[in-house]
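Chains as they are written, first to last, in this note's numbering: chain B, 1101 to 1526; chain W, 28 to 450.
Warning: the hint list may mix true and false statements.
As the list claims (entries may be wrong) - Cut-off 27 angstroms, straight-line C-alpha distance, at most; resulting in silico cross-link-like pairs (BS3-like, lysine-lysine):
1) Lys258(W) x Lys1479(B)
2) Lys258(W) x Lys1486(B)
3) Lys1342(B) x Lys1207(B)
Calculated directly from the structure, the hints in this document are not laboratory data.
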Amino acid sequence: MTTNTVTDTPVDDVTLSLWHQVQNSADYCVKCNICTSFCPVSNVTDLFPGPKYVGPQAQRFRNPKELSVDDSLDYCSGCGICSMVCPHDVKVMEMNAKGRYKLYQDKKDIPIRNRMLGRSELLGQLSSPVAPIANFFLNNPLVRILVEKIVGVHRKAPLPGFSFETFRGWFNGVHKKSPNYKPSTDKRVVYYHGCSTNYYEPHVGKAAVAVLEHNGYEVVIPEQVCCGLPMLSNAEFDAARKNACTNVESLVKYARAGYKIVGTSTSCTLSLKSDYLHILDYNTEESRLVSQQTYDICEFLLDLYDAGELKTDFNPVNITVPYHSPCQLKAHNMGLPAIDLMELIPGVNINHVQAECCGIAGTYGYKKEKYQIGMDVGKPVFDQVKQINGSLAVCDSETCRWQIKGATGAKMIHPVELMAKAYGLI
Amino acid sequence: MSRYDVVVIGAGLAGLTTACQLAQAQKKVLLVSTGGGALLLASGCIDVLGFQPATSKQPVTDPLGKLDAFLAEAPDHPYNIVGKANVQTGIETFWEIIHNSTALEYWGAADKNWLLPSAAGAVHPTCLAPTSLANGELTKGGKMLIVGFRELRDFYPALITQNLNEQDLGVEAASSVINAPEPLAKNMNITPLELAKAFERSDFRRKVVQSLQGQSKQFNRIGFPAVLGLKQHAEVLADLERMLGKTVFEISTLPPSVPGRRLFEGLKASFLQAGGRLIIGSKVVEGLIENGRVSQIQMETANRLRPLTAENYVLATGGIYGGGIQTDLDGQVWEPIFGLPVESDSNRHTWFSERFLSNAGQPVSQYGIQVNEKLNPVDSNKTPIAENLFIAGATIAGADWTRGRTGDGLALATAATITKQIA
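Based on the sequences and whatever the hints tell you, model everything.
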């Protein structure tokens, strides 16, 4: 047996194995094209030839000493459906994320727009204190045209509004100081809220806290930074890895003490569960421990139900509502706990949208040159949402919610918001 | 507390139809599959018995009628375990699923095979076929024009027509290769799926028909690669027939298979509509058998193994091609989830026939799980290993779809056998 010393990047021993597993999985590719046939992007545009060509097929030609051969990789949205449908367990999406990193390393230039979209946290920190003004400008069509011309963010892309009150500000400054705040003393759970809940949608975090506290948990909110996924998907691996380290250092204390870490953002929890290890090569005892203890909030609540520990004192909510399962949730490979959870509420009829992807794929659909691709990808989702119930829809992922809201006008909520409503908490 | 009555592992024809029937019988069913399932690589037709004996070159025209002879000839074929009655029931239950599906339209009967042109111009004997493929029935005779697209490599109308004509089947075939219109024009390498999407656009269809103007007149039927639409296939077919004024048929292509995808999506929709839960993308990595019963299985998620429990479990992970049976270079052969015994020869030289495309199949493909008539796995003394575990389709010892072209019939027959016991 020989090893190819040319393509082996010098990485330390611990990181070798997981990334090599991803890389070597290319050998299991039998070129069946199932990934390409399910790829939502290559289905709507010629600019991306499909995951097989740029993934397992191109992998063999990726030599760290030579330039990337596949510019079209930039059009991969990173949704991960390819890895999901591959019958041979080839890690196509992971391979492509890494390939995109290489592509931008070779170019030696990541556009300022991509750097900006990768830093939703920084944008939130800067804009949240002046939210009314920031929102005024961002809602102004002329400003959006300028932003498109200068920065490259499409004028119609669904930007969320900044929240004047941050989630952390509410939790520490209002909630914990409320006279009614009586946390549980025996059960604790860590909440990883992520940037979107903190700066754009504190109401999602408030609902999560309400539901967890209603079920007898004290919610602990440690120091945390952006999970790094927006930077990862914009090929800024070093910056993403820095955030990953900060988060793991903060969260591992709780993981060691046996706390479960729950999140309402499916992409943040996927980063903690898997991307840190498999894409960022950040594979240490600490990062593995944090990964093991991380749960999507619906996964956590449904586990409580299975153990007979979830409160079911729901008020009936008579509603038929479309539910879109985000790609970043499907990549958790655990099924769709939100459906079973919401259907515990009397009167709720969940109509699962049968379409793969809404097209936004994190920051992809914001980019000027990719906006229309994203809208074309998402069309079947939008059509079904409008058909089932055009006024309200449920989805676990924030950027998908903004995309679907932008395209359909439907009010979008997270599954825990429906839970909180049925519990009579909001 | 378990939230499922049954967990089905595998999303091929066996897994999907078992899951579908059980869900329609009001069972709470979870189907877990590593990926998209073998139907995406299959023809979309249902092969029950194509050749008898398996090595014969003469296609079977009456699959049910020839079944007894086939069983006598191949005593180790799992059809012997399920029996002729369950093969019939399997076909009937497939019909029930099709009748209740708005997306799928199939034709055929258990006592008659369609004889359809394959992508190599060979005769494909098959029992049930979607309308568009059944339209290519060779015994109808007449003149057929087989159309290809320059941009769709791996589909050669000239090869098909020459082979068909040389076999004196009573049809007269001619070929034509046209340029794919916009938006696929001058595309170097397109897949059948891309063409199928393009065919859902009426302007694309119109331009295709225009390219055939003057050519199609003298023919009774026009054949295309199986790319005539995916979700709107029925409309695409009807519209082409209207514009051309002829019967239009499809010929199966190399993967990704569009008719296979239609069947996959149709069965999936029926399953979900019946309340089934589906997880594509997760691998079941371990199953625990205690006191003659499966007590739980472990599913691999993004960060941890997740235990799943149910009353009954169906193993429909396929043979060595599907990953249900694993092999290594040392000649070991094993079943990876439950570690069920697989009888095999560790001498790898005995694994393959001399001929790559042997009608008798490859010995290694036939390695699988020994089962009893209930389809429970059994050990070498024929003692059941787990009474709530059932083996479906190609995972069973002796199964090999190339062997007499029996793969789909076996999938349906085992699905019916299992459904009867646990529904």
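Here's how the hints hold up against the structure:
At roughly 14 angstroms between alpha-carbon atoms, Lys258(W) and Lys1479(B) fall within 27 angstroms of each other, so this suggested pair holds. Of the supplied pair hints, the one linking Lys258(W) and Lys1486(B) holds, its CA atoms being roughly 19 angstroms apart against a limit of 27 angstroms. Between Lys1342(B) and Lys1207(B) the alpha-carbon distance is near 22 angstroms, which keeps this suggested pair within the 27 angstroms criterion.
The structure is consistent with each of the numbered hints, conforming to all of them.
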